[in-house]
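Chemist: Those protein sequences? They're chains A and B, same order as listed.
In case it helps, the working numbering puts the first sequence at residues 144 to 521.
In case it helps, the working numbering puts the second sequence at residues -4 to 161.
Among the clues, some could well be false.
Below, computed lysine-lysine pairings styled on DSBU-like, alpha-carbon distance capped at 35 Å [stated by the list, open to error]:
no., chain 1, residue 1, chain 2, residue 2
1, B, K78, A, K203
2, B, K131, A, K197
3, B, K131, B, K77
Only part of the chain B face toward chain A is listed, based on derived beta-carbon distances under 7 Å [as the list claims (entries may be wrong)]:
no., residue
4, M(-4)
5, I0
6, T1
7, E3
8, V5
9, A17
10, L39
11, A60
12, Y79
13, F114
14, D115
15, L117
16, S121
17, V124
18, T128
19, R130
In case anyone wonders, no lab produced these hints; they're calculated from the structure.
Glycine is no exception: its CB is placed at the ideal position from the N, C-alpha and C atoms.
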Amino acid sequence: MKTPFDISVNIVNNTSATQRVNLASSPIDLQANLNNTTQYRWDITTYNFSTSNKISVQYKANGAASFSVYQTGISGSLTSAVAGLNNLGIGFFYTYSASGITYITTYNNAYIFGQLSIDVSTPPVYSPNALYAANQPFPSGQSFIQDLSVHGKDAQTNLGTGINNSPILRDYPAYQPSGGYYGYINMPYNGSIPSTQLSFLLPTSYQFLGTLPYTFITWFQSSGTTSLVPQTLFSALNVSGVNLSGYTIVLTYNSGLNQYSLTHSRYDVVTGVNSASVTLGSFTPNTWLCAIGGYDGTNVYIGIYDSAGSYLTNQNPSIATNTTTASPFWGRDSLPSESFFTGAFGYVAIYTAWTGFATFQNTYFQYKNLMPPTGIIP
Amino acid sequence: MATTITAEIVNNTTANVSATMADASSISTGGTITLSGVSYNQFLQSLGRDVYLAFTLYFASQNSAQLTTPITFFILDANGNKKYETLSPTIDPYQFVNAIYYNPEKGLVVLNGNSGLTFDILANTSMRVQFYTIRKSNQGGAHSINFIELEKRENVPFFLEYNEEV
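Whenever a hint applies, use it, and build me the whole structure from the sequences.
Modeler: Below is the structure:
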């Protein structure tokens, strides 16, 4: 007959934080953490983890001559920082607050801990490959709008009847309000005579053929009466056989739902169209909106801050191969339907990379208080 | 760019989580030997020499919420990797039960120094964990293997309990 043998252990959590326990594991288990009285803690009260991407900690066994360093990636939160430290596998780390101070802490009698280091991620900074900012005087009589980047990608003024029919800039009413606001360039409605509707011809390299990545970011306000949409912001689009080829970023209006949408589409004559679209929760004519459309070789992106300042984004896979033969335009497409833009542009930036939505958000916050007040378009 | 924070070392008189061997007499059954009069660290140091096969576990806490906390049994494999097995004692969280018996899968919970239970213990909460076990000891050393081999060949368990403590 075998004899039962009882083992009974009382465990007490003496802190005001939930603790992880490893019970009945021998001292060789580095996470054995009961009855440890030596506490290591790091004051993180003033630290903002939102931009952190790495954390490291010095550690050594009792009696060891020097520290080793453990480093791990984290995802911009205190929770992920603590989880990352616990992947070290020595004791358990947790957070607590006392007297207004927030700590990361661990108890350990077998190991000694030193400095805690937290790295801040540095997101890549993108510079526009073309920048058309209407925050400067427009030289009267000029037939192009200057690219303010260092790349010289000037945009040609253009009329609806075709390429190289170039009005001079005085035909585009431009405004520089007082009060430190940025100016803008006006593209008034003349749809009754489409051949005189204004737009801009972009450099050919902005056809973005194949699967080349790109980003368009713009501040614009649309006259937006329902009869004037769709309105094309950017496009390089032509008909190839019975199919379309190229890309468009276009503002549309659904009369049935009384909703405005911004859609970015890439067309492939073989595989069809891939689009990403956002429906604006709020749309007010002649109100400054900030929008982005982009492609990274895999996904097509769209985003906008609508009239209420709501941040809306969408993305979808796009394997379309762009084989357009159309010239790229800002303010119209090149199809026979000629969906011209009517309204005003205050800022246009074009990148030959997908910048991510972070660059878009930065642009929005950088300019939102500098765009002139709503409703001053004559 | 990195921010470096120096560790503050605090020598506390009380551990964050303390463990003591409890007097199990109040819940022991007749004929049971209770491990008492030893410290928790002494118990840990006995593991490896003594191996305990737990057939029933008992958890008790005045904080009934503690008993709904997930409990995991872990054991190190030959490569030093931890293998985990979730135990699933269940209580009705609305009945404020403060003790529960749990019978794990037979042969699952073995305390051998390379295994244990891992769980969260809630703030300012205490819990009693009791293992009802059969103890095996290797105090017979290598000779015990010879005895077992002899028993197999003869198919007679005449060394039964020879190598077990009474």
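Chemist: So, for every hint listed, does it hold in this structure?
Modeler: Status of each hint after checking the structure:
no., hint, verdict
1, K78/B with K203/A, "holds (26 Å)"
2, K131/B with K197/A, "violated (47 Å)"
3, K131/B with K77/B, "holds (23 Å)"
4, M(-4), "holds (5 Å)"
5, I0, "holds (4 Å)"
6, T1, "holds (6 Å)"
7, E3, "holds (5 Å)"
8, V5, "holds (4 Å)"
9, A17, "holds (4 Å)"
10, L39, "holds (5 Å)"
11, A60, "violated (11 Å)"
12, Y79, "violated (12 Å)"
13, F114, "holds (6 Å)"
14, D115, "holds (5 Å)"
15, L117, "holds (6 Å)"
16, S121, "holds (4 Å)"
17, V124, "holds (5 Å)"
18, T128, "holds (5 Å)"
19, R130, "holds (4 Å)"
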